Amino acid sequence: MSDRILNIENLKVSFDTYAGEVQAVRGVSFYVDRGETLAIVGESGCGKSVTVQTIMKLIPMPPGRLKEGLIEYCGRNIASFSDKKMESLRGKEMSMIFQDPMTSLNPTMRVGRQILEGLKKHNKVIKNEAEKQIIKILKDVGIPNPDKNMLRYPHMFSGGMRQRVMISIALACNPKILFADEPTTALDVTTQAQILELMNDLKEKLGTSIVLITHDLGIVARMADRVAVMYAGKIVETGSTNDIFYSPKHPYTVGLLKSLPKVDAAKHKPLEIIPGTPSSLIDPPQGCAFAPRCKYSMNICRRAEPPESKIKEGHFSSCWLLDDRAPKVEFIKEGI
Amino acid sequence: MAKYIAKRLLISLITIWLLATITFFLLRTLPGNPFQSEQILTVEMEQKMMSYYGLDKPLMEQYFTYISNLLKGDMGYSLKYTNRTVNSIIKSTFPISAELGLRALALALPLGLFLGVLSAKKRATVVDYTCVFISVLGVSIPSFILGSFLQYIFALKLQILPMAQWKSTLHTILPTVALALSLLATLTRVMRASTLEVISQDYVKTAKAKGLNEFEITWSHQIRNSMVPILTMLGPMVASVLMGTFVVEKIFAIPGLGQHFVNSITGLDYTMTMGLVVFYGSFMVAANFLVDIAYGIVDPRIRINK
Numbered sequence: 004m005s006d007r008i009l010n011i012e013n014l015k016v017s018f019d020t021y022a023g024e025v026q027a028v029r030g031v032s033f034y035v036d037r038g039e040t041l042a043i044v045g046e047s048g049c050g051k052s053v054t055v056q057t058i059m060k061l062i063p064m065p066p067g068r069l070k071e072g073l074i075e076y077c078g079r080n081i082a083s084f085s086d087k088k089m090e091s092l093r094g095k096e097m098s099m100i101f102q103d104p105m106t107s108l109n110p111t112m113r114v115g116r117q118i119l120e121g122l123k124k125h126n127k128v129i130k131n132e133a134e135k136q137i138i139k140i141l142k143d144v145g146i147p148n149p150d151k152n153m154l155r156y157p158h159m160f161s162g163g164m165r166q167r168v169m170i171s172i173a174l175a176c177n178p179k180i181l182f183a184d185e186p187t188t189a190l191d192v193t194t195q196a197q198i199l200e201l202m203n204d205l206k207e208k209l210g211t212s213i214v215l216i217t218h219d220l221g222i223v224a225r226m227a228d229r230v231a232v233m234y235a236g237k238i239v240e241t242g243s244t245n246d247i248f249y250s251p252k253h254p255y256t257v258g259l260l261k262s263l264p265k266v267d268a269a270k271h272k273p274l275e276i277i278p279g280t281p282s283s284l285i286d287p288p289q290g291c292a293f294a295p296r297c298k299y300s301m302n303i304c305r306r307a308e309p310p311e312s313k314i315k316e317g318h319f320s321s322c323w324l325l326d327d328r329a330p331k332v333e334f335i336k337e338g339i
Numbered sequence: 023m024a025k026y027i028a029k030r031l032l033i034s035l036i037t038i039w040l041l042a043t044i045t046f047f048l049l050r051t052l053p054g055n056p057f058q059s060e061q062i063l064t065v066e067m068e069q070k071m072m073s074y075y076g077l078d079k080p081l082m083e084q085y086f087t088y089i090s091n092l093l094k095g096d097m098g099y100s101l102k103y104t105n106r107t108v109n110s111i112i113k114s115t116f117p118i119s120a121e122l123g124l125r126a127l128a129l130a131l132p133l134g135l136f137l138g139v140l141s142a143k144k145r146a147t148v149v150d151y152t153c154v155f156i157s158v159l160g161v162s163i164p165s166f167i168l169g170s171f172l173q174y175i176f177a178l179k180l181q182i183l184p185m186a187q188w189k190s191t192l193h194t195i196l197p198t199v200a201l202a203l204s205l206l207a208t209l210t211r212v213m214r215a216s217t218l219e220v221i222s223q224d225y226v227k228t229a230k231a232k233g234l235n236e237f238e239i240t241w242s243h244q245i246r247n248s249m250v251p252i253l254t255m256l257g258p259m260v261a262s263v264l265m266g267t268f269v270v271e272k273i274f275a276i277p278g279l280g281q282h283f284v285n286s287i288t289g290l291d292y293t294m295t296m297g298l299v300v301f302y303g304s305f306m307v308a309a310n311f312l313v314d315i316a317y318g319i320v321d322p323r324i325r326i327n328k
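Protein chains in written order, with our numbering: chain S, 4 to 339; chain E, 23 to 328.
No more than 27 Å apart at the CA atoms, straight line, and that leaves these computed lysine-lysine pairs for DSS-like:
no. : chain 1 : residue 1 : chain 2 : residue 2
1   : S       : Lys-88    : E       : Lys-144
2   : E       : Lys-143   : S       : Lys-70
3   : S       : Lys-179   : S       : Lys-208
4   : S       : Lys-127   : S       : Lys-88
5   : S       : Lys-95    : E       : Lys-143
6   : S       : Lys-87    : E       : Lys-143
7   : S       : Lys-261   : S       : Lys-315
8   : S       : Lys-123   : S       : Lys-88
9   : E       : Lys-144   : S       : Lys-70
10  : E       : Lys-144   : S       : Lys-15
11  : S       : Lys-130   : S       : Lys-142
12  : S       : Lys-331   : S       : Lys-313
13  : S       : Lys-95    : S       : Lys-15
14  : S       : Lys-135   : S       : Lys-95
15  : S       : Lys-87    : E       : Lys-144
16  : S       : Lys-179   : S       : Lys-142
17  : S       : Lys-123   : S       : Lys-179
18  : S       : Lys-123   : E       : Lys-143
19  : S       : Lys-70    : S       : Lys-87
20  : S       : Lys-88    : S       : Lys-130
21  : E       : Lys-143   : S       : Lys-88
Pairwise CB distance ranges (calculated):
no. : chain 1 : residue 1 : chain 2 : residue 2 : range
22  : E       : Arg-323   : S       : Glu-316   : 50 to 56 Å
23  : S       : Lys-130   : E       : Ile-175   : 51 to 57 Å
24  : S       : Pro-288   : E       : Pro-164   : 57 to 63 Å
25  : E       : Ser-222   : S       : Lys-265   : 38 to 44 Å
26  : S       : Lys-130   : E       : Val-154   : 40 to 46 Å
27  : S       : Gly-210   : E       : Ala-24    : 52 to 58 Å
These aren't lab readings, by the way, just hints derived from the structure by calculation. Keep in mind the model is a prediction, meaning the values are calculated, not measured. Glycine is no exception: its CB is placed at the ideal position from the N, C-alpha and C atoms.
Please build the complete structure, drawing on both the sequences and the hints.
Structure, rendered in structure tokens:
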């Protein structure tokens with residue numbers, strides 16, 4: 004069996020709304036190998052969540068629509084899988100952790116039972132053993148007194164504890180791949196660190212691959228093996244974490260890195276920002292979607308979409324600047 | 023918990039007392055007296071009647087007499103039904119209204135909740151539009167139209183069900199349906215709205231991500247969470263339905279409690295009106311108390327701490 008757990012090719016997802024067709028994902032391709040962590044970064048509304056939720060088919064269709072694309076899980080194309088077939092994958096082979104642990108647990112169900120549901124469904128756990136398993140799982144994610152806490156309701160836990168419960172639900176059946184949709188955005192910084200550490204530990208222990216969605220580059224640096232940078236429904240640059248942080252090739256990636264607050268910056272120096280707002284996905288621009296905000300944009304950028312250029316093995320970027328005919332631009336390295 | 027119940031009980035008693043007091047004095051502000059409408063009654067006779075029932079005494083004295091009797095559970099004699107106490111009238115008619123009400127609820131509640139969930143799950147499909155159509159019909163058709171319509175079809179034309187009266191189970195079918203439709207309509211609408219709200223919650227997505235199928239998600243994650251608004255309306259709904267409805271009981275000639283609510287007021291039957299207000303009020307207070315307890319059972323977040 005190959006080590007490629009997930010392979011996405013040219014994924015396009017749209018939402019039909021009254022205002023028109025919103026092209027949330029416009030041709031995304033990436034892959035995830037066994038035991039690796041891929042981070043998908045990008046600003047709000049760039050299609051990160053839609054991409055991963057489409058893979059697990061959690062997007063209600065309609066209004067959502069999978070226009071085209073290949074979703075290959077362990078060599079099988081699951082893009083056309085029925086709901087019934089997906090049910091046997093969800094929770095068992097692939098799981099998801101959501102952004103807000105305050106709302107992603109059922110408030111009227113004891114946490115133990117919420118964990119049990121998946122176990123019962125996929126592993127056919129019998130009742131006597133269930134309790135032992137739940138206790139073990141809760142212990143694994145660092146919840147104290149699991150035998151008592153499994154009987155409590157979500158509102159009795161803190162945010163960090165709830166996210167631990169979420170992780171335990173997601174990992175209950177040892178899935179091969181875990182989608183973490185901004186798992187720490189709703190948590191305070193110290194809790195964030197604990198949760199990330201827990202995810203890393205469990206990844207090591209279980210060999211789970213992680214697709215981490217975030218807009219926090221600090222988390223990316225800490226967690227990811229590879230990074231995909233998304234903008235307006237497309238991946239504009241992808242590469243190893245080192246490639247992205249130390250030799251970014253797309254102006255958007257550069258902009259993201261520059262807008263990180265720096266500890267050693269002069270006292271009253273304002274934060275760097277990327278001016279403008281993302282373009283509308285109802286009527287996406289003809290050329291490069293980032294062109295209107297890009298300070299390096301050329302005539303061609305507004306007319307034609309840039310092709311994907313290979314910088315080196317595993318590092319790709321879609322930008323006209325990488326074309327042989329384009330002027331050479333030296334991104335200012337300072338502070339990156 | 024015991025402390026909470028004791029507190030609620032005290033508040034309930036105060037509520038009922040306030041209700042009785044306000045009604046007592048409001049009733050007396052109505053023009054006329056209970057015996058004016060009787061046909062040929064001489065002024066002398068009328069005064070005799072008034073003094074027989076103690077209605078000629080000062081108002082405050084009457085009030086204290088009434089309240090002290092009420093505390094003993096005695097609601098006095100009806101001013102219109104000769105020699106019958108309000109207690110005995112309620113005792114003989116309430117079971118009939120309650121039975122009709124319970125039958126209607128037993129039909130409307132499960133069906134209404136089911137249609138509500140169904141219509142929310144099948145949003146913007148033919149199923150949904152049908153359910154919404156039924157509920158709009160149910161809300162907008164007055165029960166006297168529906169009642170007469172049912173009588174016309176099933177009793178007059180098809181002759182498979184009795185026209186009216188309250189004798190056998192067969193007799194109960196038409197009035198039950200007539201009463202249930204509007205309840206069903208309201209329940210469907212509320213349950214639909216509430217389920218739609220729950221459907222888009224994150225924890226439903228979590229449940230789906232676990233690999234549960236649509237039925238399991240609906241059954242164990244959605245229904246319970248969408249029950250709170252239903253409970254809220256269920257208290258007053260149950261209370262008012264069990265008390266009987268004037269229109270349905272009138273159309274089907276059912277000797278229930280409903281008619282007395284209207285007749286006692288138009289006839290200025292003070293004691294009867296008072297009795298009904300206190301009875302209905304207590305029932306309503308009790309129903310709402312039960313609902314408050316039920317909230318905690320459905321949603322642990324609003325559970326009362328011991």
